[in-house]
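Chemist: Since chain A is already given, all that's left is putting chain B on it; use the hints.
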Amino acid sequence: MWVGVPIIFSGFFLGSFYALIALGFSLILGTGRAFNLAHGEMILLSGYLAFTLWQYFQAPFFWILLICSLVLMWLTIPLHFLLRRLPEPYGLNTLMVTLGLALLLQNLLLACFSADYRLLQPDWPAAAIPGLDMRFPWQQVLLIILALLATAAVHLVLQHTFLGKALRATIQDREAAQMAGINVNRMALAAFGLGGLLIGLAGPLFAQNMYLYPAAGVEATMIAIVVTIFAGLGRTRNILLGGWLLGLAQSAAVFTLGSKWRELVGAALLLLLLYFRPEGISLKKENG
Amino acid sequence: MGKFHYSWLLTAAAVLLLAGWPLLFPDAVHFQQVLGLTCLYATLALAWNIYALSGAISLGHAAFFGLGAYASALLNHYCHWSPLLAMPLGALASVAFAVFWNWGFQRLRGVYLGLASLAALEIPKTVVDNWDRLTYGSMGLVGLDRLPVLALGSFEVDFGLNLQAQYYLLLGVMLLAAAVHRQSIRSRWGWTLRAIRENETAAQGLGVATHRERGRALLLSAYLAGVSGGLYAHIMGLVEPALVFNLHLSVLPLVFSLFGGSKMVWGPVLGAFILYPLEQLLLMPLFPMGHSALYGLVIILTIFFFPRGIAAWLPANRKPA
Chain A
3 MWVGVPIIFS
13 GFFLGSFYAL
23 IALGFSLILG
33 TGRAFNLAHG
43 EMILLSGYLA
53 FTLWQYFQAP
63 FFWILLICSL
73 VLMWLTIPLH
83 FLLRRLPEPY
93 GLNTLMVTLG
103 LALLLQNLLL
113 ACFSADYRLL
123 QPDWPAAAIP
133 GLDMRFPWQQ
143 VLLIILALLA
153 TAAVHLVLQH
163 TFLGKALRAT
173 IQDREAAQMA
183 GINVNRMALA
193 AFGLGGLLIG
203 LAGPLFAQNM
213 YLYPAAGVEA
223 TMIAIVVTIF
233 AGLGRTRNIL
243 LGGWLLGLAQ
253 SAAVFTLGSK
263 WRELVGAALL
273 LLLLYFRPEG
283 ISLKKENG
Chain B
979 MGKFHYSWLL
989 TAAAVLLLAG
999 WPLLFPDAVH
1009 FQQVLGLTCL
1019 YATLALAWNI
1029 YALSGAISLG
1039 HAAFFGLGAY
1049 ASALLNHYCH
1059 WSPLLAMPLG
1069 ALASVAFAVF
1079 WNWGFQRLRG
1089 VYLGLASLAA
1099 LEIPKTVVDN
1109 WDRLTYGSMG
1119 LVGLDRLPVL
1129 ALGSFEVDFG
1139 LNLQAQYYLL
1149 LGVMLLAAAV
1159 HRQSIRSRWG
1169 WTLRAIRENE
1179 TAAQGLGVAT
1189 HRERGRALLL
1199 SAYLAGVSGG
1209 LYAHIMGLVE
1219 PALVFNLHLS
1229 VLPLVFSLFG
1239 GSKMVWGPVL
1249 GAFILYPLEQ
1259 LLLMPLFPMG
1269 HSALYGLVII
1279 LTIFFFPRGI
1289 AAWLPANRKP
1299 A
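In the order they appear, the protein sequences are chains A and B.
Read in our numbering, the first sequence has 259 at position 257, and its numbers run on one by one without any break.
Read in our numbering, the second sequence has 1286 at position 308, and its numbers run on one by one without any break.
In isolation and in its complexed conformation, chain A is listed as follows (with noise of 0.2 Å):
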C-alpha cells in the first residue's frame, strides 16, 4: 500500500478533532474578545471527567458525551462573567488570567489523577473498509462523525439563524454591531456557552483517542491558536481546512521525522502566520 494513506488518513482524523478543538477558541475570542489559555486545560478537564464516568460508574458513552458538554458550558459562562470585569488592555490581561486558570486547572488535575498516562477504552471493534487492507478503531471514526457534524452544526447556526448573523456582527465590528441595537454582552455570553458545549464535547473524543495528561493541555491550547489565525474569527470553513493542513503536516512530519517534532510543526506554523500577518487575527488593524 502507498506510504501516503495512512498519512492522508491520520492527517484527515487529526485535522478533524483540531478544527473541533479550534472551533470554540475561535467562537470565544471572535465575539468575547478573550484569548482563552485554559482552553486545553478545559478540554482535558472535559476529559478527566468522561474518564471518572467511564471508569467508576460504566455510563454509557452518549451520556457521558451529553454530560461533559453540559458540566463545561456552565463552568464556562461563570468564566465570562469574570473576564468581563477585566480592565483594558483587555487582550493582554484576559491572557495572563487564564494563564494562570490553565496553571491552576493543570495543577488540580495533577492533584486528583497523578500523572499518569489514562485512556478512556471501551472495547468495541475496529471498523474494515471494503476494498482496502486496513482497519479503523470506531473511536476514530466516532471522532471525525462527531467533528464534523459539530463544525456543521455551529456553521448552520452561525450563517442561517439570526443568533449567528448577530454573532457574526459581533465578530466583525464590535461597536457597529452595538449600534445596530445588538447587545454584545449577551453575545460574549452566547459564544462562551457554545463555546463551552463545544470544548465539552472535545474532551471525551480526546479522552477516547488521545492519552489525558495533566500537561497535555498546552499542546491543544497551541493548536486552538494556530488554526484560529490560519482561518481568521468566524470562518467556519477556514477552520475546517487549517486543521485539516495542520493534521496533515503534522502527520506527515511524524511519518517521516519521527514523532518527537510533532510539535515543531504547530509552533513553527504559528510563527510564520504571525511574521506574515502580525496584526493576527483582527479585521482591523487594533493594539491587541
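Worth flagging that the hints you see were computed from the coordinates, not collected in a lab.
Don't take every hint at face value.
[Said to hold, decoys possible] Only part of the chain A face toward chain B is listed, based on derived beta-carbon distances under 7 Å:
| id | residue |
| --- | --- |
| 1 | Phe37 |
| 2 | Leu97 |
| 3 | Leu266 |
| 4 | Pro280 |
Glycine residues also receive a C-beta, built at the ideal position from the N, C-alpha and C atoms.
Modeler: The following block gives chain B in isolation, referenced to the frame of chain A:
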C-alpha cells in the same frame, strides 16, 4: 529627600537580613538551598522584567534559560571549561536566540508577541531534543562539573557542595542583576523604555529608535536569563530538555514580577522571595502534587485585585515609577 533616604534604609536592611540569616542559622541547610534557588529565580524574574519594562509580556523566557543552561553544559562537557568560564560565555547562546527573536518578532505587539514567544520556546526545545549526537537528546547531559572551589591561600570556599557558600554566590548574582535592573528603570535609558511602553508612536515621534531600544532590552534580558540557566545547570549537575525548556520556567518570572510589581525596582525580587519559599517550604509538604497551583491563583488574584503588584503598597512606592 526624606523618602529617598527611607527607601535606601529599607533596601539596606533587607540586604543585611538576606546576607545575615545564614550566619545565625548555619545548620538550616534546606532553607539555604531553597532560598538560594529563590535568588536564582529572582535573577530570572529580574531578567524577564527588563524586557517587560518595554511593554512586552514574554512567555518564552524558558528558551533563554534553557539555551544558557545547555550551552554552558556543552562547553563544560566537551571542552572541559570551568563553569566560571562556561556560564558567562554560554549565555551568549541565549543572546544569539534573542537576536533571531528580535528580528522575527519586530512587528508583533501585545497579545501576539506573547503567543509568538510561547511558540518560540518549542524551537530550541525540539532541536535540542532531537540532536542526539550533540546533546544526547531527551536523556540530557549528566555529570556536569559543580560550581568550583575558590581557594585564597588556606581559605577555601566550595560553591558546589557547601550550600551556605552557594547561597551567598546566588545572592551576589541576584544583587548584581538587581543593580542592572535598577539602572534600567532609573537611568535615561529607563525613560526610553517607559516611553515605548506607554505610547510607541509618541516615543518614535520624540526620536526614540523604538526597535533598537526594545532589542537592547531583550538582549540584556536574554543574557541574564542565560546566566541563570547556566547557574542552574551547574547547581543541579545535569540538564534535560524537559527540565530547562519547561513552560514553568517562563511562567515563574511572570508570576514573580507581576505579583511583586513589575514597574518597581525591587518588585521581582519581592515576588520571588514571598512566593517561591511559600510554595517550596509550606505547600510542597502539604500537597506533594499540584502545589504549583499557587502560581496560577496568584496571577488571577493579582490582575484582578492589585495589578500594580504588592510593592506598590510600600510607602516609598506610592507613586507609579
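Chemist: Decide, hint by hint, whether the structure agrees.
Modeler: Here is what the structure says about each hint:
no. : hint   : verdict
1   : Phe37  : 6 Å, holds
2   : Leu97  : 5 Å, holds
3   : Leu266 : 4 Å, holds
4   : Pro280 : 4 Å, holds
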